[in-house]
Structures are given as structure tokens and as C-alpha cells.
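Two chains, two frames, a set of hints: combine them into the complex.
Line by line, the protein sequences give chains G and C.
Start counting the first sequence at 333; every next residue gets the next number (our numbering).
Start counting the second sequence at 209; every next residue gets the next number (our numbering).
Since the hints were made in silico from the structure, they are not lab data.
Owing to the predicted nature of the structure, the values given are computational and were not obtained by experimental measurement.
Don't take each hint at face value.
[Said to hold, decoys possible] In silico DSBU-like pairs for lysine-lysine, Cα to Cα no more than 35 Å straight-line:
#1 Lys382/C <-> Lys473/C
#2 Lys382/C <-> Lys403/G
#3 Lys488/G <-> Lys322/C
[As the list claims (entries may be wrong)] Listed next, with one range per pair, are the computed distances between beta-carbon atoms:
#4 Thr229/C <-> Ile372/G: 53 to 61 Å
#5 Ile583/G <-> Phe440/C: 52 to 60 Å
#6 Pro343/G <-> Glu394/C: 21 to 29 Å
#7 Arg470/C <-> Leu366/G: 23 to 31 Å
#8 Val316/C <-> Ile386/G: 20 to 28 Å
[To be verified] Examples of chain C residues lying across from chain G (beta carbon under 10 Å, computed):
#9 Asn247
#10 Leu274
#11 Asp280
#12 Ala291
#13 Ser295
#14 Lys325
#15 Ile338
#16 Leu341
#17 Phe343
#18 Gly350
#19 Ile355
#20 Val381
#21 Lys382
#22 Ala384
#23 Ile442
Note that the Cβ used here is the ideal one computed from N, Cα and C, for glycine as well.
Each chain, letter by letter, is given below.
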Amino acid sequence: MEQELLTRIPPKPSKIKFYLTIILVFGIILSSALFSGFSIMDIIRNLKYAFRLIDSMFFPPRWDYADNVIKPLLETVQMAILGSFFGAILAFPAALLAASNFIKIKWVNNVTRIMLNFFRTIPALVLAALFVAVFGLGSFSGIVALTIFSFGLISKMTYESIEAIDYGQVEAVISLGGNRLNVFRYAILPQVLPQYISYTLYAFEVNVRAAAVLGYVGAGGIGQYYEIFLNMRRFDFVGIIVLISFLAVLIIDFVSSSIRRRLV
Amino acid sequence: MMTTYSKPIPKKPAAGTIRKTIVFIVVVALISWGLEGLNFNGIMPSAQGTLNGMWKGIINPDTAYLLNLTVDGLPYAVLETIAIAISGTFVSGILAIPFALLASQNIVGKRVSKIGKFIITMIRTFPELILALIFIGIVGPGAPAGILALGVHSIGMLGKLYSESIESMDIGVKEALLSCGGNNMEVLFRAVIPQVAPEFLSYTLFRFEINMRAATTLGLVGAGGIGASLIFAIRGRFWERVGIIIIVLVVTVTIIDILSSRIRKKLV
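Next up, chain C with everything else stripped away, as it sits in the complex (with noise of 0.2 Å):
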């Protein structure tokens, strides 16, 4: 009686085991082919000081550098890095607009959108370090090459989401204000920007908090901001500096983070 109530168990099916097979051995060769390049030269004789200073470092942080308020001191260092952050992300925010009309196909049509994304993806991949160096040989080192690297790199992923907002835009609102004797001036203003800006605004936050961070590198290479110093510290060996640093920061981003997050959960 039983067999009328259970099936036998389907097969599982067998097209997907080639493929496994092949995917898995491409993997565990890509693996093995990376762990060839790891060259361990054994950990330094001076491994061991450097961690113990390290520890040092961070459990009792130099105070007096946090509490230094002039041009060299740690809170100066931070605030030149936010700033660096919020001006690049501003820039981009402005430079990205054009960029993603040229990627929106409900703007530009197919062809010349595809043009407008590939620019963005070129933009995106080119790494902002390298964007900074190049700026510091034009405006020379200090906190506007850092803007304008953080500015310009940032368009490819601001133009990119800024682009996918436009085209997922409801066009009948544009076709409401047309068919209302609206002028593309009005369309503009009424139809097309009350229903990107939240998106807009919350994107170009986004990009603040990853700016942030970034901005926290730039200086390693003379573009502004606390890099500079961290580097510094870290090649001189400056535990107790590197530690305070390292801390100052932590705290900084993640309270821009918490702050950042709860402004775009109201905006979208």
C-alpha cells in the first residue's frame, strides 16, 4: 500500500556536473596559480618588536597630537580630510549630471547611450590614487589635487547610478506637464528633477561615505588630508601616533557612516 503513497526520488540531474567540473578545476587552477606568486620570505627578525610596539601603539594612543589645534595637529589633519571629501564628492555630484544624460537611453537613444556608459566604465575602473597623481602634477601637492581626483573619480559611479535613476524615471509626469501647454523648461523643473533629486541626493551621500574613506589614502601620495600623516607615522615608526590615528579615524567614519545612512533612509 505504501508505494502508492511515495514516489521514488526524481534523479538529480546530470547536465550541471560537466560544467561543475570544469568551473571547479578552472578555479582550484586560478588558486594555485596565485599561491605560485606567494613568495613568504619568512616574517622579519624584527616581526616581533614591531607587533609589541604595534600593541603599544594602540592601547595607549599619543593624546597630546589629538589635542594639538594648530595646522599640525590630528583635529586640523581630519577636518582638511572631510573637507577634501565633501568638496570631491560636490564636484562629482555637478560633473556627473552631464555624464549620465549621455548614458540614459530615455535621453540620448541606444546608440549614444552605450557610448556615454563605456565612458563611465573607463572613468570608474582608472583607480583615484593614480588620478591623484597625476592632479598633483597640475595644481601641484595638497588638498585640490585630492578634490579633483576624488571629483573626477567619482563620476563613474555617480554617473552610472544617476543614469539607471533617469531611465527608470515615469515619463507620464513629463507627458502630463507636455500635454498642459508645458515648455522643456517646466518639464525640467516639474517633472524631471522632483523625481530624480531624492534618488540623486541619496546616491551622491553614498558616494560621500566611500569618498570618505578614500579620502583617508590621498594623502599617502601628497594629495591633502590625514593620509600624510598616518604614512609618516607608520614608516617612522610612531606607534603611538599611528594608534591614535587609526582610532580618530575608525570613529570619524563610522559616525559620517551612521549620520549618512540615516539622512538617505529619509530622502528615498
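Next up, chain G with everything else stripped away, as it sits in the complex (with noise of 0.2 Å):
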């Protein structure tokens, strides 16, 4: 009897629900690929085009063009700039009316955690669309777009980093018979403070690279060569304005991140 127990091997857990899933996933991915025409056959097809195309706009680089290029991109630098100077303010009280641990009243939290929601899906360039037809043309529509997307994006960070901090110091403050305005200023805002600030910087980085496309819209800034010389077929101009604005987001993006990697 015993011998029969230890010898007998418990069964395999089904695999059905895992064979399934995997059938359900990929019958999705190949529906989709289908739908949207995707074909593996048609790029090896065209790979050629590819080689012109990369040949016409970089080799070689147009350096003698980016003289021309220098303003917009400094305007799109502005642009960022000011988007997340802005959204970063304006996140500050959101993300204080959306932390659970700081407004303690449900309907508060969850009517704003909606509307920042929703700021957050709509995409930068619409956005930025949305203001070139109210403000007309150039770098003030954009700048209002990504003062809002930024201004979505640091309230979610930083909500989420208000309700995960140390609440220990929020009650030791009550305890010593401080009220809301002292339990935010030294509770809450010491703690969060330094990851505020960096999710800023993070907003600044995203800007720089929405800001240099926005201009397609005609939102400002250095994206809107992209349209003119696009329709000009002039692609050994995109090609340096690729470069020089690839050049300044890896640079900015360096010095932020460097930033953001002390402050945490």
C-alpha cells in the first residue's frame, strides 16, 4: 500500500486554459496583421527605396543647412521649456486634490483622477491641432498643448507618489497639532518633493521630443521644416533637421536623466 502511494505520480495540471490563451493571442495578432495589410514580403520587396531613401537624407549630411535650423530648434527647446514649467504647476494642486491620503473624500479623488484621465489619453498633437485652430498658427499652440499633456502626465507620478509616502510623519505632525497647511508643508511636501521635481524633468524630456514634431501641425517649432520639405521632396534637408533635433534630444536627455538619477 505505501510502496503504491510513493510511486504514483500526481497528474499534470491541465494545460488546456494555457494551449488557449496562447491559440487566443496569436489569432488576435494575425488577425490584426491581416486587417492592416502588414506583409513581411511587400518590405523585403521595397528594401531597396529604404537604402535610397537613408542614402538621399544622410549621406551626406547637409552641415551647411544647419545654420537655418539653429532658431527652430532653440524655439522648440522654449517650447518644452515652458510646456512643462507650466503643467508642472498647474499638477501640483491636481495631484494633491487626487491623493487619497491628503483629501480624504472619495468623490474628489475619483472626479479627478477621471479628468486627468482624460487629459492624458488625448495626444500631444491633437492637442496641439486643437489649439492651432483657437490660438492660429505657431509656438503658443503648442506650448498651451504641452502644458496640458505635461501638466496630465507629472498629477498621475505624482499623486501616486504622494499616497505611497511614509504616513508616519503625516500623523506625527496631527500629533503635535498641526493642521492641513502643516501637514503638507512638513509632511507631504518634503517627501515628495525631490520625486515632483523629477518627474518634471522626465515632462521635459517627453516635451523636447513631442515639441519637435508638433510643428507638423503647425504648432511651432522645428517640426514644421518636416511638412515644407517633405512636399519639396527635398529629403537631404529632413535629413539634417532628423540629425541636428536627434542630436539635441540625446544631449538633453543625457544631462535630464543625469539629473533625475541624483535627486532620487
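Right under this line is the structure:
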């Protein structure tokens, strides 16, 4: 009897659910590929155009044209700075409203979060296109779009940080007779400030990348030249713009992320 | 007597003050330089009318467009957007693996991994909209260009996350297999893949959420999806149509976010 119990290996758990999941996932992927008309053969067949295009864009790079690109590039950086600055200012109060351990009224948290989610769902490019319709062509529309976009981004990350703070410090301030303002100043702010600054810098990095293409819908910055030169089929000019904005983004990313690493 | 209990309050450290002042000055200088570039030339005279039109469009959206089930309708465009996001994510999920291996210290060594990491960073900083424009030049306008743009651009993020998860892998399992006489294939299938697969899948799903948002804008440059109809509607000032597209977009993206984050929570 005992012998029999020892030798009997328990049956393997059924793998039907696993296989069904795999079939379902691959079904979804395959049908999306078919639906969107994606085929590897087309790409292989057109590969020579790819090389020709890359050749006309970057070989040789038109450095002589670079002078004309610097001014719109600086405008792009300015847009990104202002967008993240204004967005960050607006984001802090919104984050406080959304944080369930600071404002303890459930519906206020939820309404704020739904609003923030709404702003985050609309891409910056679409916001820019909408603001171009209101404020006209130019960098101002882009700045407003980036402000709203960074507002959504920073406030979401900040309210999550506020909710993750060490609550003991809040209780300590309350137990010493502190009011809500004291709680905010001495318990919440010191804990979230480094993260908040770090998120603002992160938003700035995202904004630089976003601002580089906002011009495509007429919202200022370096992007407005893409449409012009693409329509003129001046791929060499497009190439130098891509190259220079790429270098700028790379440098800004590097500086900003090394500051962020020191902060948190 | 009291003095024996209470010590004087320690002085604030002075060392940080100079650095703080410098940082403060730099930040203020940057912002004021930014403000210099702010050329607000007044709100356009038509702005009031535009805002009114937008508001009217949002509150009575174009439901006929929502119920139009042909190729020109909204459901088709939304489905195409989702299809682009799924296919693009799948392409990048596969393409990212070799890049991730190349960037992982415990696979290729310290020196090569630095090169791999730099390549991944470069890919990440290249804007997807520009990639889309380049791919349109190659495969022509349409969804495939969008898929390729997302597929290539997402390598930047997925490659980084994948390589981080490979680097934090438990080497003991691999050694255990080798000590039992396992060959390289067995190490791959029984030690490496089971350890990294849940994280890989979770990151890929997270990227899918991001790609879903990105796919909505690809249409602006002609790379398929809902973006084309949206930009036409905005430029033509068809606010009822803009309203319905934005409402449907927000709802779709939110549903996908919720579903995907639920699956992710189960995975890891």
C-alpha cells in the first residue's frame, strides 16, 4: 500500500487553458496583421527604396544647412521648457486633490482622476492641432498643448507618489497639533518634492521629443519644416533636421536623466 | 533645570545654500529664456466662434459616423488603429530580443553591453512620427508604415526593459541545469525563458498601451489609423466629428488600459 502511494506521480495540471490563451493571442495578432495589410514580403521587396531614401537623407549630411535649423531648434526647446514649467505648476494642486490620503473625500479623488486620465489619453499632437484652430499657427498653440499634456503626466505620477509617502510623518505633525497646511508643508512636501522635480524633468524630456514634431500640425518649433521639405521632396534637408534634432534630444536626455538619477 | 533636557536646535547645514542658489538661478534663467520665445500674438478673432463650435461638437457628437460600419466609418478606423498597435507591438517584441541580449552584461560582457545600450538609447530618442514618414517613403502610405514605425521605435523601450530583466535573472538555475548535464538549448528553454517570460510579456503589454496612444497620431502623417480622419475633421472644423472621434478614442484607450493593466497584475 505504502509502496503504491510513493510511486504514483500526481497528474500534471491541465494545460488546456494555457494552450487556449496562446491560440487566442496568436489569433488576435494574426488577424490584426491581416486586417492592416501587413506583409513581410512587401517590406523585403521595397528594401531598396529604404536604402535609397536613407542615402538621400544622410549621405552626405548637409551641414551647410545646419545654421538655418538652429533657431527653430531653440524655439522647440523653449516650448518644451515652458510647457513642462506651466504643466508642473498646474499639476501639484491637481495631484493633491487626487491623492486619497490628503483629501479624504472619495468623489473628489475620483472626479480629479477621471479628468487627469482624460487629459492623458489625448495625444499632444491632437491637442496641438486643436489649439492651432483656436490660437492660430505658431509656438503658442504648441506651448498650451504641451502644458496640458505635461499637466496630465506630472499630476498622475505625483499623486501616486503622494499616496506612497510614509504616513507616520503626517501623523506626527497632526499629533503635535498641526493643521492641514502644516501637514502639507512639513510631512508631504519634503517627501514628494524630489520626485515631483524628477517627474517635471522627465516631462521636459518627453516634451522635447513631442515638441520636435508638433510643428507638423503648425504648432511651432522645428517640426514645421518637415512638412515643407517633405512636400518639396528635399530629403537632404529633412535628413539634416532629423539629425540635428536627434542630437539635441540625445544631449538633453542625457543631462536631464543624470540630474534625475541624483535627485531620487 | 529645563536646560538639562532641551538641547539647542542644531544649525541648518550651510553647505547646500550656494549650490541651491546656483540651481535656482539656472532654473530662473532657463524659464525666462523660454518666456522670451513666447510670442503670444493675441487670440484669433475667430477663437470665440471656434470654441463655441468645439463645445457644441463635444455635446452633440456625430453619431451617424459612429454607426457607419463601412470602411469610411469610425468603427473601421478604430479597429485599424488597434490592429496597428497590436502588430507594431508584436514586431517590436520580437525585434527587441536580440537588441536586449546585446545590451545585457551577463550575456555579452561589459564592453559590448555598453554599445548595445547606446544603440537602444539612440532608437528610443528617434521620434516615431519621423520613422513613420520614412517608412511611408518605403512601403507607401497606410497601416504597414505605421506598424513598422511603432515596431522600430518600441525597440528603444522594450530592449532596455528586457535587458534589465535578463540582467537581474537568477544565474543559479542555469548553473543547476548545467551541472545536471543540460546543453545550451535546455538552458535556454528551461532556465532563461521561464524566468524572463512573465516580465517580457508584462513589459510588452505596457508598451502596447503606449503604442495604442501613439497609433492614434500616426494617421496625421498618413500611416494609417484614426489620426487621418481626426486631422481632416479638425482642419475642416467638423467639430461634431472631432467630438465623436475624441470621445471614442478616450473610451477605447481607457478600456484597453484597464484590461491590459489587469493582465499585467496577474502576470508578475
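Cross-check of the supplied hints:
1. Our distance criterion of 35 Å between C-alpha atoms is met by Lys382/C and Lys473/C, whose separation comes to about 27 Å.
2. Annotation: proposed proximity of Lys382/C to Lys403/G is violated, straight-line Cα distance about 55 Å (limit 35 Å).
3. A threshold of 35 Å between alpha carbons decides the hint, and for Lys488/G with Lys322/C the separation of about 33 Å falls inside it, so the pair holds.
4. With their beta carbons about 59 Å apart, Thr229/C and Ile372/G fall inside the hinted range of 53 to 61 Å.
5. Here the CB-CB span from Ile583/G to Phe440/C is close to 36 Å, at odds with the stated 52 to 60 Å.
6. Here the CB-CB span from Pro343/G to Glu394/C is close to 24 Å, well matched to the stated 21 to 29 Å.
7. As the Cβ distance of Arg470/C to Leu366/G is approximately 27 Å, the hint placing it in 23 to 31 Å holds.
8. In this structure the hint that Val316/C and Ile386/G lie 20 to 28 Å apart at CB holds, the actual value being about 27 Å.
9. Hint status for Asn247/C relative to chain G: holds, with the closest Cβ pair at about 7 Å, below 10 Å.
10. The closest approach between the C-beta of Leu274/C and any C-beta of chain G is roughly 18 Å, which is over the 10 Å cut-off, so the hint fails.
11. A hinted interface residue such as Asp280/C counts as satisfied when its beta carbon comes closer than 10 Å to some beta carbon of chain G; here the least separation is about 16 Å, so the hint is violated.
12. Restraint check, Ala291/C versus chain G: the minimum CB separation of about 4 Å is within 10 Å; hint holds.
13. Evaluation of the Ser295/C hint against chain G yields a held restraint, the C-beta minimum of about 5 Å falling below 10 Å.
14. Below 10 Å, beta-carbon pairs count as interface contacts, and Lys325/C has none with chain G, the closest being about 12 Å; its hint is therefore violated.
15. At a threshold of 10 Å, the smallest CB-CB gap from Ile338/C to chain G is about 6 Å, leaving the interface hint in force.
16. With its C-beta approaching chain G no nearer than about 6 Å, Leu341/C sits inside the 10 Å limit, and its interface hint holds.
17. Residue-level restraint check for Phe343/C holds (minimum Cβ-Cβ distance to chain G is 8 Å; threshold 10 Å).
18. For Gly350/C, the shortest C-beta to C-beta distance to chain G is roughly 7 Å, which falls under 10 Å, so the interface hint holds.
19. For Ile355/C, the interface hint holds, the least distance from its beta-carbon to any beta-carbon of chain G being 5 Å, beneath 10 Å.
20. Violation of the interface hint for Val381/C is found here, the shortest Cβ-Cβ separation to chain G being roughly 21 Å, above the 10 Å cut-off.
21. Of the supplied interface hints, the one on Lys382/C is violated, with its beta-carbon coming no nearer than about 24 Å to a beta-carbon of chain G, more than 10 Å.
22. Checking Ala384/C against chain G: minimum C-beta separation of about 21 Å lies over 10 Å; hint violated.
23. At a threshold of 10 Å, the smallest CB-CB gap from Ile442/C to chain G is about 5 Å, leaving the interface hint in force.
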